[in-house]
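Kindly produce the complete structure, drawing on both the sequences and the hints.
Here are the chains, one letter per residue:
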Amino acid sequence: MTTTDSRSRNSPRELADAELQDILGDMIQARVASDRAFALQRQGRAGTNAQVDGSEAIVVGAAYALDPATDWVVPQYRELVGLQRFGSEVLDRYVMYIKGHPNGGFHPEGTNVLPPQISLATQIPKAVGMAWGKKLQNEPGCVLTFFGDGSTSEGDFYEAGNLAGVLDAPVILFCVNNQWAISTPNHEQTRASSFASKAEAFGIPGVRIDGTDPVAVFHAVADARERAVSGAGPTLIEGVTYRLAPHTTADDPTRYVPADDLAKARERDPLVTFRAMLVEAGLWDDERQREAEAAADERVEAAVRRADETPLAPDHGFTNVFAEPTPRMVRQRAEMRRHLGLEDPR
Amino acid sequence: MTTTDSRSRNSPRELADAELQDILGDMIQARVASDRAFALQRQGRAGTNAQVDGSEAIVVGAAYALDPATDWVVPQYRELVGLQRFGSEVLDRYVMYIKGHPNGGFHPEGTNVLPPQISLATQIPKAVGMAWGKKLQNEPGCVLTFFGDGSTSEGDFYEAGNLAGVLDAPVILFCVNNQWAISTPNHEQTRASSFASKAEAFGIPGVRIDGTDPVAVFHAVADARERAVSGAGPTLIEGVTYRLAPHTTADDPTRYVPADDLAKARERDPLVTFRAMLVEAGLWDDERQREAEAAADERVEAAVRRADETPLAPDHGFTNVFAEPTPRMVRQRAEMRRHLGLEDPR
Amino acid sequence: MTAAADPVGATPMNMLSAINHTLHREMARDDRVIVFGEDVAKSGGVFRATDGLQAEFGATRVVDMPLAEGVIIGSAVGLAASGMVPVPEIQFLGFAYQAFHQIAGQLARLRYRTDGRLNAAVTVRAPFGGGVRTPELHSEAIESQLANIPGLKIAMPASAADAKGLLATAIRDPDPVMFLEPLRGYRAVSDPVPDGDHLVPFGEARTVSEGDDLVIIAWSYMVEIARQAADRLRTEGVSVQVLDLRTIVPLDVEAIAAAVERCGRVVVVQEAPETCGFASEVIATINDEAFYSLEAPVARVSGYDHPYPVGMLEDDYVPSVERVLAAVRRTLEMAP
Amino acid sequence: MTAAADPVGATPMNMLSAINHTLHREMARDDRVIVFGEDVAKSGGVFRATDGLQAEFGATRVVDMPLAEGVIIGSAVGLAASGMVPVPEIQFLGFAYQAFHQIAGQLARLRYRTDGRLNAAVTVRAPFGGGVRTPELHSEAIESQLANIPGLKIAMPASAADAKGLLATAIRDPDPVMFLEPLRGYRAVSDPVPDGDHLVPFGEARTVSEGDDLVIIAWSYMVEIARQAADRLRTEGVSVQVLDLRTIVPLDVEAIAAAVERCGRVVVVQEAPETCGFASEVIATINDEAFYSLEAPVARVSGYDHPYPVGMLEDDYVPSVERVLAAVRRTLEMAP
Ligand SMILES: Cc1ncc(C[n+]2csc(CCOP(=O)(O)OP(=O)(O)O)c2C)c(N)n1
Ligand SMILES: Cc1ncc(C[n+]2csc(CCOP(=O)(O)OP(=O)(O)O)c2C)c(N)n1
Ligand SMILES: [Mg+2]
Ligand SMILES: [Mg+2]
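Residue numbers (numbering that gives the first Met the number 0), protein chains in the order written: chain A, 0 to 345; chain B, 0 to 345; chain C, 0 to 335; chain D, 0 to 335.
Note that these hints are calculated values from the structure, not bench results. Hints are not guaranteed to be accurate.
Footprint (simulated), chain C over chain D, 3 or more residues, beta carbon under 8 Å [claimed, not checked]:
id	region
1	94-101
2	107-119
3	139-146
4	268-275
5	319-332
From the three backbone atoms N, C-alpha and C, an ideal C-beta is built for every residue, glycine too.
This is how it looks when you write it as structure tokens:
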């Protein structure tokens, strides 16, 4: 059932020119935001965070195949910077998130994106449950969840994939194969012939595509979405790319990534190759590039500013555990506020 | 990589006549012990237990393909009655086990069988670890673990299968597909085309065989063992059969098993079909059948007697948690003994 | 400390019937309620707690799941995020361990992590508890491990009426509730269950029998053991209060403090092993709230610090009326 | 209450170096020892705790595993059954939840279930603890949940010397040990570590500073907080004992009782949320063993009953020197 998508990267059939340009714009923004997040960590203004570098075509290509009004994205942790299509809130909140601000997990009604997930693969059962709930409630649309190559080794991936198959859940399981799980390469992660081939275990289609090509990603996700919303069930997609940055701001990949491999991967940097493709098609030039970068910078700066300006209550942790805090929590909160010299909470 | 073994059930090539007779003898003993265990529960002399009915060919056929001196069996819970080849201790301890006697989990050095496992699929990672340990210590032999069709839905199965592939561990993963997980049939368990096909996710061979034919089982396990001990890695085997008894002594299958299906399955009862095959080959007759049943009865009765005679200390639970109990446990044990009017432990 | 119900009448039922009856009612009341788990649909559950639900509400609302506790809980979180009201069953609480990452990391945190955007209005039903000769991991009382996970409410009914009232409250509660059912009480505990809508609020303990020489604090089936002990002591002229906590999160700290203030002497009974069982938290709470009222150390009657034993040993492992009586007598004898 | 070591000399190290040094020594001493986990081999661990091991002992004894905590623990149990001495790493303790079914149901019970035939001589290393701005589930202090699981020993060193001595003891112990390493102590805690063989026996608490007005009981990094508080109090003329439990299972009940008898007043400090943290067990133990010596209720300084918070909130969540000081002062003021 596993197939390798062979659509040529030069035939973006169903995407209009303007969309191709928007996709590159969002990819640029993702990279800019990711770089900025790295810098913020180095300046002590943000915590550990994970760069998107190398996966921009996957995130943005997938986003353009989805309908932000009806579909949900359940991310791992690298993808939020590339989900501009799901609303500007996503970037704003993501910046708060990496700064360790408690509002960072909130997306207002209408922004159909969950916050980052650190506990690997635990988002996959959740995505399947959300898709199941959509089906039960006859809601339109589908759910797409991202997870890494490493995350496919967790029981959650298999349990969820198997259940998705049984339920014909309208869900797209998207494996972002960036070749590495921190220091662990694919061949130490599994002996399966591909991550897509694991779909066999669920009795669902598995598709392996070039994850550096947003058009290939777009088509694969569009096809999977079509299956999902028509009731034909889930699809497992493997997008093959290469992690172009350290695992996170806390990682030193020179200890384990072969320099040659990385150099080769850089030649296929999606920001370079897709730009070249659009340039060749007459859809992009240096001027557009400068504009896109400037626009991205501005959006990112605005998000950082908003995050910096969002007030913070030291006892925020007591809110939103339960709809109403327990008496014990009320007591603890009062103790905390007293200790910090604050008034009792309203 | 998934294959369906098509060796004819009439060509027991590598098994000598005497072995075929021994296999049927052990299958008969398994059924006798299983029936007796059911009766003991009904008499209030044993706890809930699970019958082997329908899986005798799998357990005994597999056991004959293994070397009890070097290989380990890591069972689920139905198989112990059929592992006579691994030593008479196995049956003795199993009877203690179902009676709820704390010695029931013990197998003396040289009996390479773990006790029953209730927490489904948790034995699979353990079996892979044992096989890995064998490899690290250059020990001969392999490890075979049994698990049900339902157990393949647990994360443990996938995590362990994937690791086994990565390590080339000398392990045989044997899925006993008896069509049911309590009341859940195969098609509600997974949409995979077969349980054997899940091997694709691990990059290891998957083999699907007729689990009512001990000769087919023997060959599949013998082949898998050959792969394991030669360093070629693990194999997933699916033995297809039908559960001929209730799930356990506590179950009422008339609520969910279609009577027709069960009737059809009874026609393929391995004890009937394999006996017919041996009769046809001139290797079995009514006299042998009577003898085998009598011998089985006797062995089972002896095991029940031994279990009944094994003394029991109410504070046995404190032993063998740790090599040495903690001071708190020593205190608790003394309290328990005092409460029960027993002397302080030696 | 009183139930919020205003029942028209009441019908005697055992806990199992009360649970089944409540599931029927709640599914009828709110069509977002969905029941799923291993063997809950066609067979009606291994104890028949979900019997008849599939026949009444259909195969999309009462679902037999693949055998995987992790995704039973994980998908429940997703269902809740989508607006459903999931009531998954874990066949035995010991198998909740397979789902601890989903319970602790996901179920307990959906609201927290999304800063209030999404609720996990999930009620996880799971039977547990000893004394009925089940195989391993069917009996384990692990409520204190769950209570250490912030974001979970934990209901542990001891009567059929409370099984109904707490389960209805749990299902209607916007937060995740672990609803732990005592195996031994399924058929052994029977009492009048209010007809009609019956809601027992969380965090309100129940005085099962009045007394002022000593208070026995318990929850789930141990309340029954405590009650029997109190009855025996009454015939000896000893007046013992039995306080049923009903929910351990939220905890009725006031009721505990009031009982300790009145009685001065306390026995806490739990099925779990001694170390880090919920009894320790009760003792710590008494230390916080009623230290100066204590006339003797609080006695704990617990399982022991070894794994829940096999059948032939369990009667000496699970707290018995005799062990509770001994603890009460010892505590009454201690110098103030 | 004293270490069993007779060291020739000592070398100052931080906890991380002490752990790395001990792993090197134990692997050299016993070739059944095998180290594995996520990223422990090629990269030497995300904190470098296992740095250099693969270079020294080869790729079969130091192994990068597929990303799956359940089978990391599950295969460790099997390795132990086969005669190896596994030292798996869980990259952060919060991800032990993915393996709770293997920890509670298998690791803790191999010996019990086989009635003594097989040992699970496994040491599970896992870092945890707050104050270093890690993402979620990296900080969670869940030791009390583990302590409620019979069959696990739990070591929680607070000094570099103990990190060495307890780790060596854990690896040589025939039973499963959860060896929990404080993230914040990896580099911040540094002290002289005995050269040569250094074994700290389990179940023997350590007095970090002497005093008799009040005892602060702590473990892991909270010992450091307690020590700083005690130092500050000493300058004010208050004499505070700091007792480091070192292992919470087995627990040094005698040392706790002796300290309470001498001091009469107690503060317990833990990183975990208040409800059902190990501090509750300490209080219950004091209630059992030294009730009549208590001059005031035991004070708990804990994390709060909400999930471990995001970075900007954590400094007000994890117990601080200031919160410990406040608890000490309050406790000293209480009427006896
Ligand atoms: C359950 C769990 N185990 C371990 C970790 C620690 N960890 C964080 S990222 C990572 C590697 C993830 O690899 P992959 O899934 O391929 O995603 P990538 O980072 O490459 O995008 C690990 C082991 C974690 N966050 N969660
Ligand atoms: C982890 C876990 N979950 C649930 C159960 C309850 N349970 C016991 S047997 C069973 C069905 C097992 O089916 P299968 O694996 O096919 O084995 P079979 O009984 O058919 O041989 C279930 C759900 C359990 N024992 N362990
Ligand atoms: Mg990756
Ligand atoms: Mg089955």
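Next item on the list: Count residues of the region 268-275 of chain D with a Cβ under 8 Å from any Cβ of chain C, then say if the count reaches three.
Entry: holds (count 4)
Item checked: Cβ contact check, 8 Å cutoff: the region 94-101 of chain D against chain C, three residues minimum -> holds (count 5)
Checklist line | Outcome, coverage of the region 107-119 of chain D by chain C - at least 3 residues whose beta-carbon is closer than 8 Å to one in that chain | finding: This one holds; 4 residues, not fewer than the three required, reach chain C with a Cβ under 8 Å.
Notebook entry, point to check: At a Cβ distance under 8 Å, does chain C reach at least three residues of the region 319-332 of chain D?
Noted result: violated (count 0)
Note to self: Is the coverage entry for the region 139-146 of chain D by chain C consistent with the three-residue Cβ rule at 8 Å?
What the structure shows: holds (count 4)
The structure does not agree with numbered hint 5 stated previously, though it agrees with all others.
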